[in-house]
Amino acid sequence: MREIDLPSVKIHLDTFHMNIEEKNVYDAIVLAGEDLVYVDTSESDRGTPGKGQVHWAEVARALKDMALH
Numbered sequence: 144m145r146e147i148d149l150p151s152v153k154i155h156l157d158t159f160h161m162n163i164e165e166k167n168v169y170d171a172i173v174l175a176g177e178d179l180v181y182v183d184t185s186e187s188d189r190g191t192p193g194k195g196q197v198h199w200a201e202v203a204r205a206l207k208d209m210a211l212h
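In my numbering, the protein residues as written are 144 to 212.
Accuracy of the hints is not assured; some may be wrong.
Claimed, not checked - With a Cα cut of at most 20 Å, we get these calculated DMTMM-like pairs of lysine to aspartate or glutamate:
#1 LYS194 x ASP157
#2 LYS166 x ASP208
#3 LYS166 x GLU186
#4 LYS166 x ASP183
#5 LYS153 x ASP170
#6 LYS166 x ASP188
#7 LYS153 x ASP183
Bear in mind the hints are in silico, worked out from the structure with no lab data behind them.
With these hints in hand, go ahead and build the complete structure from the sequences.
Encoded structure:
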């Protein structure tokens, strides 16, 4: 995103892929910072949140912490 260097390019995260790719979901969300414009929420099996492996408390904590800054 920073290499493209266009104000219209922002970050979209999705919990399905973050669950697979990220070592720490909290850190990944916070790293996106003010460039994060959209979060697609889906469980690890694309089912009902809370019924799979996504760490929802960490997702919520990261978003809340970002809002406080």
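Just to be careful, I want the Cα atoms of LYS166 and ASP188 compared with a cutoff of 20 Å; is the pair within it? 18 Å, holds
Can the restraint linking LYS153 and ASP170 be considered satisfied, given a maximum Cα separation of 20 Å? 17 Å, holds
Satisfaction of hint between ASP183 and LYS166, Cα-Cα up to 20 Å: 18 Å, holds
Can the restraint linking LYS153 and ASP183 be considered satisfied, given a maximum Cα separation of 20 Å? Status holds; Cα separation ~14 Å.
Given the hint that LYS166 pairs with ASP208, does the C-alpha gap stay at or below 20 Å? Holds, at roughly 19 Å.
Mind checking the alpha carbons of LYS166 and GLU186 for me, to see if they're no more than 20 Å apart? 16 Å, holds
Can you confirm whether the C-alpha distance between LYS194 and ASP157 stays at or below 20 Å? 17 Å, holds
Every hint from the earlier list agrees with this structure, and none is contradicted.
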